[in-house]
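**Q** Sequence:
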Amino acid sequence: MVLAQFSLMPVRSTKDLCLFIQHCMSLLPGFLQVKDPVKQAWFKKLPSHLGIIICEDRISFNDISNLIIWSFCVGIHHVSIYDSTGFIKSNGNQLYREANLRKDSYLQKKANSLNIIFSDGKVPYLYNTFIKNGHKTEDVNVYLLSHEDGKQQIVKAAKMLCKDARWKPEILEDFYAHQFEHYIKGTLDVPDPELLVLFGKTSALIGYLPWHIRLSEIMFQTTHHNFSFDEFQSLLCHYNKCEQRFGK
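Quick note: the sequence shown, position 187, residue 183 per the working numbering, numbers continuous.
Derived from the structure by calculation, the hints contain no laboratory data.
In silico lysine-lysine, DSSO-like type, Cα no more than 30 Å apart, as pairs:
1. Lys197 / Lys41
2. Lys237 / Lys41
3. Lys40 / Lys106
4. Lys40 / Lys105
5. Lys197 / Lys237
6. Lys106 / Lys41
7. Lys40 / Lys237
8. Lys41 / Lys105
If you anchor each label on the Cβ, the simulated ranges turn out as follows:
9. Lys159 / Asp100: 44 to 52 Å
10. Glu239 / Asp160: 35 to 43 Å
11. Asp160 / Thr133: 33 to 41 Å
12. Ala107 / Cys158: 44 to 52 Å
13. Ser230 / Ile113: 25 to 33 Å
14. Glu239 / Ala154: 33 to 41 Å
15. Lys164 / Glu227: 45 to 53 Å
16. His73 / Thr218: 24 to 32 Å
All C-beta atoms, glycine included, are put in the ideal place defined by N, C-alpha and C.
Turn these sequences into a full structure, and let the hints steer you where they fit.
**A** Quick look at the structure:
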């Protein structure tokens, strides 16, 4: 049935054939159990931190949970979820439950190998669970962020700097921009995202962590509703093709 549905897809190269096969496999329940081969075969370069901005009125925890689990399955271990209103952050327990349900559904017998750790960038949320059964486990760190974690964190970091300079004025004599990162990390310890995806019709970052996105590749998608693994894979393939010159 699946092969018949896609039998008319044009296959122009070996790469197209590989993507076609992988798409068909993604429709099978057991596909996401094959984590390491997916990471090694298809993605030579992966972001260690995937940033997700939701700029839509209706928010689907089901679809966001898919993005979290898919990220882990291809080898991404840091995912930040941002909406300016703070709705996701204030309903983190609901997203946490949904993500664990998706984990059990997709990974099945391998579900115990994944620890989903929710955090606000300061401390883990209280409803985290840790599985210790003697088997090797891996973590996916999910950061729930809102507008208060963006520009407001820079304000808090500046206040910390001013407080230190009040008692030690000499620290300002040879102070450079990269040293300010120490104060940023003191208020919000989140790694810089190499890939940032905005879901919505607004072509703006709506306040997402301005200090952290100096070297981020930014991509835009119309909606996160019913976002498929095939589309997720296309984002990663596009990221693979990006030439990052880091300002050179």
